[in-house]
Amino acid sequence: MKRLFRTCLLASAMAAGLGLSGPALAADGPGNDDLLNDAKSTGDVLTYGMGPQAQRFSPLDKLNPDTVKGLVPVWSFSFGGEKQRGQESQPLIHDGTIYVTGSYSRLYAVDVKTGQKKWQYDHRLPEGIMPCCDVVNRGAALYKDKIYFATLDARLVALNKDTGKVVWSKKIEDYKAGYSATAAPLIVDGKVITGNSGGEFGIIGMVEARDAETGELVWQRPTIEGNMGTLNGKDSTMTGVMNASWSGDLYKTGGGATWLGGTYDPETKTLFFGTGNPAPWNSHLRPGDNLYTSSTLAIDPANGDIKWHYQTTPHDGWDFDGVNELVSFDLKKDGQTIKAGAKADRNGFFYVLDRTNGKLLSASPFVTKITWAKEIDVKTGRPVYNDDNRPGTPVGAEKGTSVFAAPAFLGAKNWMPMAYSPATELFYVPANEWGMDIWNEPITYKKGAAYLGAGFTIKPLYDDYIGALRAIDPKTGKIVWEYKNPAPLWGGVLTTGGNLVFTGTPEGYLKAFDAKSGKEVWKFNTGSGVVGSPVTWEQDGEQYVAVVSGWGGAVPLWGGDVAKLVKDINQGGSLWVFKLPKA
Amino acid sequence: MNRHLAAAALLAALSSPVYAGPPDPADPLASVMWDVLRPELFGTAPVQFDDRVTVTAPDNAENAAAVPVMADATALGAVEEMVLFADLNPFPVILRFQPLAAKPVIATRFKVQQATPLRAAARTPDGVWHIGGKLLDAAGGGCTAPPATYAAADWADHVGEVQGRAWAPTGEDKATRVRFLVRHPMDTGLVAGIPAYFIEALTLRDADGRALARLQTAEPLSENPGFTLEVQPAAGARSLTLDGRDNQGGEVKAAIPLPWVQGALP
Chain A
1 MKRLFRTCLL ASAMAAGLGL SGPALAADGP GNDDLLNDAK STGDVLTYGM GPQAQRFSPL
61 DKLNPDTVKG LVPVWSFSFG GEKQRGQESQ PLIHDGTIYV TGSYSRLYAV DVKTGQKKWQ
121 YDHRLPEGIM PCCDVVNRGA ALYKDKIYFA TLDARLVALN KDTGKVVWSK KIEDYKAGYS
181 ATAAPLIVDG KVITGNSGGE FGIIGMVEAR DAETGELVWQ RPTIEGNMGT LNGKDSTMTG
241 VMNASWSGDL YKTGGGATWL GGTYDPETKT LFFGTGNPAP WNSHLRPGDN LYTSSTLAID
301 PANGDIKWHY QTTPHDGWDF DGVNELVSFD LKKDGQTIKA GAKADRNGFF YVLDRTNGKL
361 LSASPFVTKI TWAKEIDVKT GRPVYNDDNR PGTPVGAEKG TSVFAAPAFL GAKNWMPMAY
421 SPATELFYVP ANEWGMDIWN EPITYKKGAA YLGAGFTIKP LYDDYIGALR AIDPKTGKIV
481 WEYKNPAPLW GGVLTTGGNL VFTGTPEGYL KAFDAKSGKE VWKFNTGSGV VGSPVTWEQD
541 GEQYVAVVSG WGGAVPLWGG DVAKLVKDIN QGGSLWVFKL PKA
Chain B
1 MNRHLAAAAL LAALSSPVYA GPPDPADPLA SVMWDVLRPE LFGTAPVQFD DRVTVTAPDN
61 AENAAAVPVM ADATALGAVE EMVLFADLNP FPVILRFQPL AAKPVIATRF KVQQATPLRA
121 AARTPDGVWH IGGKLLDAAG GGCTAPPATY AAADWADHVG EVQGRAWAPT GEDKATRVRF
181 LVRHPMDTGL VAGIPAYFIE ALTLRDADGR ALARLQTAEP LSENPGFTLE VQPAAGARSL
241 TLDGRDNQGG EVKAAIPLPW VQGALP
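As they're listed, the protein sequences go chains A and B. No gaps in the numbering here: position 572 of the first sequence is 572 in full-length UniProt numbering, and each next residue is one more. No gaps in the numbering here: position 122 of the second sequence is 122 in full-length UniProt numbering, and each next residue is one more.
Fair warning: there could be bad hints in the mix.
Okay, the calculated bits of chain B under chain A, using three or more residues with CB under 8 Å as the criterion [said to hold, decoys possible]:
1) 186-193
2) 246-255
DSS-like cross-link-like pairs, simulated, lysine-lysine; straight-line CA separation at most 25 Å [to be verified]:
3) A:Lys171 / A:Lys83
4) A:Lys170 / B:Lys253
5) A:Lys252 / A:Lys234
6) A:Lys171 / B:Lys253
7) A:Lys144 / A:Lys234
8) A:Lys369 / A:Lys379
9) A:Lys165 / B:Lys253
10) A:Lys252 / A:Lys176
11) B:Lys253 / A:Lys176
12) A:Lys359 / A:Lys379
13) B:Lys103 / B:Lys174
14) A:Lys234 / A:Lys379
Simulated restraints, written as ranges between beta carbons of each label pair [claimed, not checked]:
15) A:Glu520 / B:His158: 53 to 59 Å
16) B:Val191 / A:Gly31: 37 to 43 Å
17) A:Asp300 / B:Ala235: 49 to 55 Å
18) A:Met242 / B:Ala235: 55 to 61 Å
19) B:Arg179 / A:Met228: 43 to 49 Å
20) A:Asp66 / B:Ala201: 54 to 60 Å
21) B:Ala211 / A:Lys234: 31 to 37 Å
22) A:Ser78 / B:His158: 41 to 47 Å
23) B:Arg165 / A:Leu217: 31 to 37 Å
24) B:Gln163 / A:Asp300: 45 to 51 Å
Derived from the structure by calculation, the hints contain no laboratory data. Predicted model only: the values in this text are computed from it and were never measured. Glycine included, C-beta positions come from ideal geometry on N, C-alpha and C.
Using the sequences and the hints, build the whole thing.
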């Protein structure tokens, strides 16, 4: 005993004196295989999209249209502070901890059983950040002992997942030039892959891969034709061909922000990144297709080379943006299984592509009114434009002819991710029915200033609803069922093997629907608008559901006539966890 | 759990109160916080109140956001680590300092929240902490007022910048005096709406990368904190380097020339 005591004395004296050394070794976190297997593992949620393909499908079936009435809240966690605004995050669940990001670049680790906070990281944002569409963050990425998230001042931060201590912080780009970052990073083969935001400021869209351990840049792939990529610190290949679809120097300010991040298909070993609108909005200033804006890029994760591209809106003149996620899935059609990918584009069409080569298989409207194009020609893969629906060119200092176009620039579907159920073989798409008056104005580029050259105002198309959750059959493009919501839908969708579809509404509800019939079978009001993405997992034999609550996002800021419909929705900032208790 | 933590936990489980050695001497500053800070900072290590450790600071703080202080333990001889702390600050520890190839003396500035004992503790190689200190009177509020830095719209552009200077060695021990300032708001996290944002580690190195002095810095240091150290670089070194980081992953990196050495200045 005496000997032990002396040892202890010495040891704790050393501990007290060792203030300068690091913390105890962190527990191993999820590895690459765990991330790739996330769609199948039901005890955790390790990736944004609930699997690298981002189907947002869980095979769990304890909750179903009959049992869901027993789904009850377990706890709620407040994001605190004076900072609220939009909460567009998707929680991650690993080893007894929920990791969730909040507005204003905050990250929380919360005990999954009790709702007690483990740690919190508040990023110190400089004055003068320029997020276009609210101070949101969409989620974090887990890999080994670290958790990663991007910040509004365009940085990527890696933290120890157990302590919340910053391991490294890297600048993605200069926030003063209009760059920011809101998307969840994607981890593939030990690399953290990110996009960037700032498409309203004449930035250059970029996909970047960093070493997950050190944060050192591995490759960069600019999205605008004529810009040079890099690999291991050296120039690699040029994106496209200089001046092929951009005249003069316009490619240096061409936009094409990859602001929603990307998805990954392990079967074809391909990254899919959507690219945003070309800059400026005024399309008469930039003749040509403006590659690769408003497109989906298939990228090799090893070196950043572009495998193929598919442009949904060539020469975009409506801010249709093409950033929406491409979800990989097996298309079972005519006795064949095709490696396909689907994308519900801002421009109103639901595209099904062959994800091995980018060839268009079908494109069908998923909203009731599309004015800018008659259809998408499946042979050429290009839209058949209605030329008179392109806003006119400004004459001198006067604005150009205004047109009424649908969808509105906030999109038939905006950032909010859809879900695909391999069980029902349906996509569940959070859509919005709105149009806009849009006109062009003269504009010149100025660093850090909005680079639009357009004016606009959004109008609802119908008196009784704007939002519409639609079940779409990718084989036919037909809408199988729909749920209409008064306010625009702005949250992600989750579907389960229990034949359920979950999504949130600005009115504050998390709702569940029968995945086959669309019948609403459960709802719970969280106290503020739900614009985040719900997740589900299993723990101690019970099925859990979590979602963040907190109204905000682009609608109250850019919604024009719609903004007044939602102006009385109170802000919030909390994480809600529900479960179906054992009988 | 590492070995030290395990041992400490075992000890805590075995006996309470934690410290079971000979009774501590009475705190000469009669601080109400002493019983709390003693186990927190020194665990079960023996402590002595020792006049050989001096703390020089004003009797009354003129500016609660930047109180100058110098802690000097050179009279002890070899010192492995020093801790500077203010008992009644919301974060008592101001900094920890390992004088690896440096004299156990350090000067800096810190924020004070209310009148408090201000102390320096120095650990000698025998594991004993020698503690000196004084009372500091202050109107207070230094830790809960936003830094003046934020009056400048471009403050974020300058975070981590360093101004430094070294003086030619003097005296018998040929120590080189080095002073450096690092631009940083040093936010405590106690001001509503402003997250904690402060430098947490600084290392001053010799030309060959060998650490001369390590600092673990904390919230109470004043904004744009300055430090004065006396270090012993290798003969012929043309410059020292300073590296460090803040709690948000921001990096500090600077070279401080030793201009009396031939070729040190470009």
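Evaluation of the provided hints:
| no. | hint | result |
| --- | --- | --- |
| 1 | 186-193 | holds (count 4) |
| 2 | 246-255 | holds (count 4) |
| 3 | A:Lys171 / A:Lys83 | 24 Å, holds |
| 4 | A:Lys170 / B:Lys253 | 15 Å, holds |
| 5 | A:Lys252 / A:Lys234 | 19 Å, holds |
| 6 | A:Lys171 / B:Lys253 | 16 Å, holds |
| 7 | A:Lys144 / A:Lys234 | 28 Å, violated |
| 8 | A:Lys369 / A:Lys379 | 23 Å, holds |
| 9 | A:Lys165 / B:Lys253 | 20 Å, holds |
| 10 | A:Lys252 / A:Lys176 | 16 Å, holds |
| 11 | B:Lys253 / A:Lys176 | 23 Å, holds |
| 12 | A:Lys359 / A:Lys379 | 9 Å, holds |
| 13 | B:Lys103 / B:Lys174 | 11 Å, holds |
| 14 | A:Lys234 / A:Lys379 | 39 Å, violated |
| 15 | A:Glu520 / B:His158: 53 to 59 Å | 55 Å, holds |
| 16 | B:Val191 / A:Gly31: 37 to 43 Å | 40 Å, holds |
| 17 | A:Asp300 / B:Ala235: 49 to 55 Å | 54 Å, holds |
| 18 | A:Met242 / B:Ala235: 55 to 61 Å | 57 Å, holds |
| 19 | B:Arg179 / A:Met228: 43 to 49 Å | 45 Å, holds |
| 20 | A:Asp66 / B:Ala201: 54 to 60 Å | 57 Å, holds |
| 21 | B:Ala211 / A:Lys234: 31 to 37 Å | 34 Å, holds |
| 22 | A:Ser78 / B:His158: 41 to 47 Å | 34 Å, violated |
| 23 | B:Arg165 / A:Leu217: 31 to 37 Å | 35 Å, holds |
| 24 | B:Gln163 / A:Asp300: 45 to 51 Å | 46 Å, holds |
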